[in-house]
Amino acid sequence: MRKKASSKHFKQFFTCIAIIIMAVFLLAPVSSAAQIKELKIGIGVDADTLNPQEQTTTLFQNICDLVYDNLYFQDPDGTLHPRLLAKHEVSEDGLTWIMHLQKNVQFSDGTAFNADVVKQTWDRILDPKMRVPLRFAVSMVKECVKIDDYTVRLNLKYAFAPLNATMSMALVSPISSAALTKYGEDVRRHPVGAGPYVLSEWVKGDRIVLTRNEKYWGKAPTVDKIIFKIVPEATTREAMLRTGEIDICYKPLPSNVADLQAQKNIIVEMPLDTRTIFMGLNCQKGVTMDKKVRQAFNYAIDKKAIVDRILFNTAQPMDGPVSPKIFGYVKMDHQYDYNPGKAKQLLKEANFDFSKTINMRTPNGRYLFDKQVSEVVQAYLQAIGVKVELRTYDWPTYVAGLLKPIEKSELEVFLLGWGPLFLDADMALYGQFTTEVNPPKGLGSSFYSNPVYDEIMKASRKELDTNKRFALLKQASEIVWDDCPWIWLHVEKFVLAYSSKIKNLVVTPTEKFYPTYITME
Amino acid sequence: MLNFLLKRLLAIIPVLLGITLLLFFMLRMLPGDPAQVLAGQMASPADVEIIRVQMGLDKPVYIQYASFLNRLVHLDLGVSARTQNPVIEEIWAKLPNTVLLALCAITLACAFGIPAGVIAAVRPYSWVDYLVTIASLFGISMPVFWLGIMLMIVFSITLQWLPAGGIGTWKHLVLPSVTLAAFVVAFIARMTRSCMLEVLSQDYVTTARSKGLKEKAIIIKHALKNALIPIITVVGLQFGLLLGGAVLTETVFAWPGLGRLIVDSILARDYAMIQGSILIFGLLYTLVNLVVDLTYAFVDPRIRYE
Numbered sequence: 000m001r002k003k004a005s006s007k008h009f010k011q012f013f014t015c016i017a018i019i020i021m022a023v024f025l026l027a028p029v030s031s032a033a034q035i036k037e038l039k040i041g042i043g044v045d046a047d048t049l050n051p052q053e054q055t056t057t058l059f060q061n062i063c064d065l066v067y068d069n070l071y072f073q074d075p076d077g078t079l080h081p082r083l084l085a086k087h088e089v090s091e092d093g094l095t096w097i098m099h100l101q102k103n104v105q106f107s108d109g110t111a112f113n114a115d116v117v118k119q120t121w122d123r124i125l126d127p128k129m130r131v132p133l134r135f136a137v138s139m140v141k142e143c144v145k146i147d148d149y150t151v152r153l154n155l156k157y158a159f160a161p162l163n164a165t166m167s168m169a170l171v172s173p174i175s176s177a178a179l180t181k182y183g184e185d186v187r188r189h190p191v192g193a194g195p196y197v198l199s200e201w202v203k204g205d206r207i208v209l210t211r212n213e214k215y216w217g218k219a220p221t222v223d224k225i226i227f228k229i230v231p232e233a234t235t236r237e238a239m240l241r242t243g244e245i246d247i248c249y250k251p252l253p254s255n256v257a258d259l260q261a262q263k264n265i266i267v268e269m270p271l272d273t274r275t276i277f278m279g280l281n282c283q284k285g286v287t288m289d290k291k292v293r294q295a296f297n298y299a300i301d302k303k304a305i306v307d308r309i310l311f312n313t314a315q316p317m318d319g320p321v322s323p324k325i326f327g328y329v330k331m332d333h334q335y336d337y338n339p340g341k342a343k344q345l346l347k348e349a350n351f352d353f354s355k356t357i358n359m360r361t362p363n364g365r366y367l368f369d370k371q372v373s374e375v376v377q378a379y380l381q382a383i384g385v386k387v388e389l390r391t392y393d394w395p396t397y398v399a400g401l402l403k404p405i406e407k408s409e410l411e412v413f414l415l416g417w418g419p420l421f422l423d424a425d426m427a428l429y430g431q432f433t434t435e436v437n438p439p440k441g442l443g444s445s446f447y448s449n450p451v452y453d454e455i456m457k458a459s460r461k462e463l464d465t466n467k468r469f470a471l472l473k474q475a476s477e478i479v480w481d482d483c484p485w486i487w488l489h490v491e492k493f494v495l496a497y498s499s500k501i502k503n504l505v506v507t508p509t510e511k512f513y514p515t516y517i518t519m520e
Numbered sequence: 000m001l002n003f004l005l006k007r008l009l010a011i012i013p014v015l016l017g018i019t020l021l022l023f024f025m026l027r028m029l030p031g032d033p034a035q036v037l038a039g040q041m042a043s044p045a046d047v048e049i050i051r052v053q054m055g056l057d058k059p060v061y062i063q064y065a066s067f068l069n070r071l072v073h074l075d076l077g078v079s080a081r082t083q084n085p086v087i088e089e090i091w092a093k094l095p096n097t098v099l100l101a102l103c104a105i106t107l108a109c110a111f112g113i114p115a116g117v118i119a120a121v122r123p124y125s126w127v128d129y130l131v132t133i134a135s136l137f138g139i140s141m142p143v144f145w146l147g148i149m150l151m152i153v154f155s156i157t158l159q160w161l162p163a164g165g166i167g168t169w170k171h172l173v174l175p176s177v178t179l180a181a182f183v184v185a186f187i188a189r190m191t192r193s194c195m196l197e198v199l200s201q202d203y204v205t206t207a208r209s210k211g212l213k214e215k216a217i218i219i220k221h222a223l224k225n226a227l228i229p230i231i232t233v234v235g236l237q238f239g240l241l242l243g244g245a246v247l248t249e250t251v252f253a254w255p256g257l258g259r260l261i262v263d264s265i266l267a268r269d270y271a272m273i274q275g276s277i278l279i280f281g282l283l284y285t286l287v288n289l290v291v292d293l294t295y296a297f298v299d300p301r302i303r304y305e
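Protein sequence lines, in the order shown, are assigned to chains S and G.
So that you can map any letter, position 279 of the first sequence is 278 in numbering that gives the first Met the number 0, and since no number is skipped, the others follow by simple counting.
So that you can map any letter, position 242 of the second sequence is 241 in numbering that gives the first Met the number 0, and since no number is skipped, the others follow by simple counting.
Some hints here could point you the wrong way.
Said to hold, decoys possible - To give a feel for the contact side, a few chain S residues facing chain G, derived at Cβ under 10 angstroms: (1) Val44; (2) Asp45; (3) Asp47; (4) Met129; (5) Pro132; (6) Gly204; (7) Val208; (8) Gln334; (9) Ala399; (10) Gly400; (11) Leu401; (12) Gly416; (13) Trp417.
These aren't lab readings, by the way, just hints derived from the structure by calculation.
Don't be surprised by glycine CBs; every beta carbon is placed ideally from N, CA and C.
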């Protein structure tokens, strides 16, 4: 009896020790890592607004994420993790979404996070008087209704399966209601959110400084202070990374990537992006109306060479109509490998008029080496006997040209980039190729219009079963890939160079990075 | 004198009015829709329209101009479309940086340019003269961004003496000032040389020499003082230009000044911001010109303003 009792005590004692040791091990990395005083990040431009509902630039949505947190967090693999939203349920018809909020969350000013705040956020997003440029991304939401303190219901106008991924956008991150009362719309300069950081200083044109939010409900960040230093010239950012004036360099020049990689104290990370770069071909006007011509143009261009020689491998040739990082991507069975002979033959079959000069347009400096890429495409087309004239525009002029309706459109061949804001093919396949987005209503400037395709894409939005939806997206991809409304060029990579002391930096295919829980050697 | 000053100050008003008129209509003739730029590539036409109305761009241009002038009379430059901040605040944040950089650059340029020009003129066609001429030619022909990057490679990356970019300490000021000054110094040196050469061949210099005056006194007191008028003009003009912001230097060295603000605003078609910053630039430029005119009177007592 006694023996048994003592062995029982021994067991208890042992368990205690084990728990203590485990606790020490679990806590140790956190406490020792929490000593990073300051992290300096070199970026190219200053933010215009830190109101997440107004922001359209990925980098500043990224900063908003740090200040406001997200409803859901989409990790680099596309998996959604609960943040301010604990979970959601969808009705059978897909028209009602019940959202369960995280409890015991406070904004950095002490305001409680609850259903009222979330409803207020949605009311603001849906209010047509408010400036919400990305409203189209949630245009299916009719209204937000409060059910109880921690539950809201979204009523939809039409079913939209990828709404869960949409919840990872900064667009839907709530702002403290007290801050909205206090600052009004000036909240764009005085952001107050429930995220791991608070804005502590913003010197226009020079720096944005974030400090740790002591009231943050989640795991405490390891970095005390993050300084976003505005350095417009990429070469200077690289120089500052080398001299140690900054720790992270946002988007260094592709031409210098190899050189940076050779440095021992610098890591270059470049995950594949969601943004595809393409040459749009007008499907309703001019010589490119003929599908054979469009396919010929695809065979005429050596995309691999462009990626290797112009972009220094900071991109990858497209092998499907969307980026491989996105849900719905399938590598297409048939590839338009470089084949000038086949291109010429297809043009012959199409009775192509070689005396005509085709008008090609490109922006200059909007995307990585956009003008240079266009020049190479021009050269490849000229190599198969097609006369091409290339014109360059600055961005505002360029967009104005893209948005003209078909009657007024002068577009023939034009370079453009399209980067879905979360990892789902809907924004790419629906947002570029359905009849609905033909200009002036959208930026599907290839004027691609195919009723069969439209039907499939509409069905995909209603389909809540992941596998069935994937099959629909695949079917749509195959149709559009064969029809070639684009010269399928390449998928960009998101290049981030940083000090090799930094570990565990989270870098996503949507061009975001989260230094919240990094460790430093 | 006071009368003159008052007249000149009043004359600034029509000049500025002219600037606003030209600028206002030229801007609106540019292709590209500011509301679309602001809304981003993916925004729906309805949302772009809302932004256009908010910005007041749906109204006829003459009404927009009238309301712009009305605000201007109340010293209100409007609100930036991009940041929604008052334009004057945005400019105010950048202006001290620009003035500081311009002052440093122009001081450096005068400190080196004028003596170099004088020395070259005193010993024309000697090796010193050739050296100054060649150096000036370099200074004028070197692209600013190239020189900036070269200086950065040498002094920041290799020697690690100076920071590569940003603002804060005097060390941050060195490289951008030197880069900016390189062009101006060459300009001033060449100007000084040719003016001095002209003056040195004048009769009164020969008279001074025959009187047995010391060469140093002749050069500084008699020649340089008389050669100063065109030099002051050049310095004034260059300083005025520097105040408009040195876009390339500011970009290379991440210097938050007016130049970048103007270029960024043009690229974003931020009308209010462009109008405001160009107007301030115009004002500064005319003021610098006025100061230059006033200095003439100090240098040359024969010049009087009635």
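Sort out which numbered hints this structure fails and list those numbers smallest first. Hint check: 7, 8 fail, others pass.
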